[in-house]
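Chemist: For the record, the sequence lines run as chains Y and A.
Going by my numbering, the letters in the first sequence line up with residues 1 to 533, in that order.
Going by my numbering, the letters in the second sequence line up with residues 1001 to 1533, in that order.
Worth flagging that the hints you see were computed from the coordinates, not collected in a lab.
None of the values given here were measured: they were computed from a predicted structure.
A virtual CB, placed ideally from N, CA and C, is assigned to each residue, including glycine.
Heads up, some of the hints might be wrong.
[Claimed, not checked] Computed footprint of chain Y on chain A, listed as stretches where at least three residues anywhere in the stretch have a Cβ under 8 angstroms from a Cβ of chain Y: (1) 1247-1255; (2) 1263-1272; (3) 1418-1425; (4) 1429-1435; (5) 1476-1487; (6) 1496-1510.
[Stated by the list, open to error] Partner residues are not named here, just some residues of chain Y that face chain A (Cβ under 10 angstroms, in silico): (7) 215; (8) 243; (9) 250; (10) 447; (11) 515.
Protein chains: 2
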Amino acid sequence: MSELNPPVVDFAPDRWGNPAHAVTLPDSLQATLDGLGIHPVATPVAPEDVVLPGSAVPQETREALAGVVGAAYVSEDAIDRLRHTRGWSTPDILKMRAGDASDAPDLVLRPGDHDEVVEVLRVCSDARVAVVPYSGGTSVVGGLAPEREGFDGVVALDLQRLDGLAALDPVSRTATLRAGTRGPRAEELLQADGFTLGHFPQSYEGASIGGYAAARSAGQSSAGYGRFDDMVVGLVVATPRGTLTLGTAPRSATGPDLRQLLLGSEGIFGVITSVTVRVRPVPSVRVFEGWRFASFDDGAQAVRRLAQDGPLPTVLRLSDEVETALNLADPASAGSGSAGCLAITGYEGEPTEVEARRAAASAVLEECGGVALGEEAGEKWRVGRFHGPYLRDPLLDAGAFVETLETATFWSNVGPLKQAVTEAVQAALLAYELPSLVMCHISHVYETGASLYFTVACPQRPEALAQWESAKAAANAAIRASGAAISHHHGVGRDHRETYAEEIGPLGTEVLRAVKSTLDPAGILNPGVLVTR
Amino acid sequence: MSELNPPVVDFAPDRWGNPAHAVTLPDSLQATLDGLGIHPVATPVAPEDVVLPGSAVPQETREALAGVVGAAYVSEDAIDRLRHTRGWSTPDILKMRAGDASDAPDLVLRPGDHDEVVEVLRVCSDARVAVVPYSGGTSVVGGLAPEREGFDGVVALDLQRLDGLAALDPVSRTATLRAGTRGPRAEELLQADGFTLGHFPQSYEGASIGGYAAARSAGQSSAGYGRFDDMVVGLVVATPRGTLTLGTAPRSATGPDLRQLLLGSEGIFGVITSVTVRVRPVPSVRVFEGWRFASFDDGAQAVRRLAQDGPLPTVLRLSDEVETALNLADPASAGSGSAGCLAITGYEGEPTEVEARRAAASAVLEECGGVALGEEAGEKWRVGRFHGPYLRDPLLDAGAFVETLETATFWSNVGPLKQAVTEAVQAALLAYELPSLVMCHISHVYETGASLYFTVACPQRPEALAQWESAKAAANAAIRASGAAISHHHGVGRDHRETYAEEIGPLGTEVLRAVKSTLDPAGILNPGVLVTR
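Go ahead and model the full structure; you've got the sequences and the hints to work with.
Modeler: So, in structure tokens, the structure goes:
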């Protein structure tokens, strides 16, 4: 799995992922854009030309913070601040391309351990300085853009120095990883001891352990390895009131599961500084395959059968007709996909078990009308699986607008929800005379339901941000109206908080505010994220 | 599975379970007691001779409550009040046998639907009357004994009229069950539609859906069907502030999982009035087997291998040497067990899958030194599995003291924890010159750890309650010192709340208090349970 372990890199502030993995538009896709009359709309402002607002943190506070973490770990460098501004959503990237750095933090702090984090939070509480916990910086829901009002500045609390494996219990198969450890580094460390986390979200190259926990990440192998919140057995959390240490057993009946209150809390209750996770032995065999279904409904029925009656592959995904035809997941051949609906199955484990599971799952897929495409199609997906999002940057350059959104629901609602979201987004964009492509896949399955992941593409206009806001609002409304969850794994951030408030109701929101007031009385932690202030 | 569906019965206030299933002591066990010089210590007070305290709820409040639920559903009947006094722990039963009804509720209310529950909570909040939510009444941790101080009386809110299946979605495989539906009734209703919940805790005959959720129940088939909290996809909760409706998807990234905050909340945040659960098709095949291991360590290694590398049986349990020898689980032959350590494996599902899983699991058990005892031993356990606890009543009559406690930890700590708890309990009882038998089994397994379930037996002295309190405190301290959870599935109640407070720390306790203040500002719900007031 060496391709899962690239060296740590500095990410660019204005594009997806690792600059070394940047891609260009394949001719097939360029031709499609030309045919639609899509042309570049604006030249992006280079990061070095972006003008940053002055730093608002008072000198006294700055010195106090330097006293905690060391002067070398308090940064005001412009590119450093820019790199900690917002996340990886298309609106975030478009704002950055427009040279808008209004959300930039005043300082970037890099504490060295848990105790320094606690102390930073104490200093910032006293000084009323807002703190944005920053681990991977890969939020696509506005989870890193704080509200400044009422604060004497904003600091980004970068956890990159909280790195590495703190403990490994090979008998219990648990590992304690520090929050700033990025996905590839965690795999490297665990695999050295023969273990794997098995967590490979789309943001894998950039996201880190703390972010996985804080945002309830779900990886591409969730069918086999579970979601990240399934893997967590313990958490250490620094709050302005001190330390919360949670997780005394795999599972228990000792009251509410407070781990589940911190998971998904997106930094508003505290800063997760280390996470104890369940790990598994590195699998000795890995097989990926492609399957074709005549329709999305046929494919959905097949993946539902596997999710409910088993056996479950380690990876199980199903693209709809549009996504299969456009094939954006593969930069090398994007724009030249195929007919029907592509499903990907993957199996990891020991040879005998993998072969038995694969045979039984294949029999179910065939019974449901699936046609096996062989390992080449599966391997192509596996190798390219982190590359798809890199297409967005050249697409934005070429004048296209591309964004994703996702939701989750129970099986009986999968079809109606898919249709409702698609129609809502297309209608909202048509109101701006923007024809759009809305494609969808099922990326995560459960016995009782699944997630739906949508990619939307349309021409990019100068008013793209407002236009997308309208389409996104329409999607959110459709999701709410159908009773589904406003996010399956992207999280709430600022982009979803109004819809989220509807989802959990006024009492649910009050509960979250009460927890926040208890742990963060000054309200400095990621203000404006998850719940309105 | 017709034996899983007995008719609803009235339980006695002073003994375990269904009076129709009462057992007598087998001669083998009586001989053991005689040999130890154990003789009856006191004749229990008959329930009809117990003198109840007067009812403290003011007439005005009583009338307001009758206005909400109807006069027919407000009961002051002595036996009715007695039946709603405390739960099924040995201390609870001993108090009742001693004629101590000091914890009896003043009234028993039986609301007819969710809205009536909300209204009852509003009336009781205004009148400062404490409310003990009562579904199955099977708590063994003091979860039903409220603190009266500061209240104008205590009402037991019996949910038995909130009964039945409110909705079934066969495509998503979800069912919405009203909170008061007892386990057997839930199975009866689901099985009529071809589904099963697969949740069979020891309290199955008495416990109900709302209690399963409120106390994070775990059933004997947890290896195959999961714990009850794994099954829950939605909850409706009546609080003094109104209704909380949770669960829009199987899983999501929409903030903290608030379902997990209500699960295990033991009635202090609100009254769970209905639960939507994942259901599965009724299995067509069921096979149970016995296995013998030379030692607990060998057996523990075997069940760990199945839990970590699979395949997992549907039921997987391992008794230690003492428990295997004493065989208290089987009233018919208790006292005449066998050597070594007995493990029980059970498999449920479709024939081909069950056979494959059984063969693969059996190979692992054999590799780890297990000797197959065949289906008779397994079937004996299955048939008798709800009968073991009925032995306690004749044992108490005979002058023995018997009680259970349980915990959970990570695999590497299973051996040390078992030893520490055993030694702590025995030492504490020896301080009272009480020799004791401490037996243990692993009842629930996870990839990273397991639960340990202890049964303690010793002579019953007139000071049994104080003696047990001392032993229990020693066990709690040993559990805390080893970093394990104070309960795996019994819950916190009042008996564990001090140790629980240590487990989650002062900040964790403050978080729970903040949530309670938000949902139950008058603090009427189950006061004194889970957290001190």
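Chemist: Each hint: holds or not?
Modeler: Tested hints:
1. Chain Y is given as covering the segment 1247-1255 of chain A, and this holds because 8 residues of the stretch bring a CB closer than 8 angstroms to a CB of that chain, at least three being needed.
2. Here's how the segment 1263-1272 of chain A fares: 4 of its residues keep a CB closer than 8 angstroms to some CB of chain Y, so the rule of at least three is met and the hint holds.
3. Counting residues of the segment 1418-1425 of chain A whose beta-carbon sits less than 8 angstroms from any beta-carbon of chain Y gives 0, not enough to reach three: the coverage restraint is violated.
4. A stretch counts as covered by a chain when three or more of its residues have a beta carbon under 8 angstroms from one of that chain; for the segment 1429-1435 of chain A and chain Y the count is 0, and the coverage is violated.
5. For a cut-off of 8 angstroms, the count of residues in the segment 1476-1487 of chain A with a CB near a CB of chain Y stands at 5, and the three-residue condition holds.
6. Counting residues of the segment 1496-1510 of chain A whose CB lies closer than 8 angstroms to any CB of chain Y gives 8, which reaches the minimum of 3, so the coverage claim holds.
7. For residue 215 of chain Y, the shortest C-beta to C-beta distance to chain A is roughly 6 angstroms, which falls under 10 angstroms, so the interface hint holds.
8. For residue 243 of chain Y, the suggested interface contact is upheld, since its CB lies about 8 angstroms from the closest CB of chain A, less than 10 angstroms.
9. For residue 250 of chain Y, the suggested interface contact is upheld, since its CB lies about 4 angstroms from the closest CB of chain A, less than 10 angstroms.
10. Among the interface hints, the one on residue 447 of chain Y holds; its C-beta lies about 5 angstroms from the nearest C-beta in chain A, closer than the 10 angstroms criterion.
11. Residue-level restraint check for residue 515 of chain Y holds (minimum Cβ-Cβ distance to chain A is 6 angstroms; threshold 10 angstroms).
Checked against the numbered hints given earlier, this structure breaks hints 3 and 4; the rest are met.
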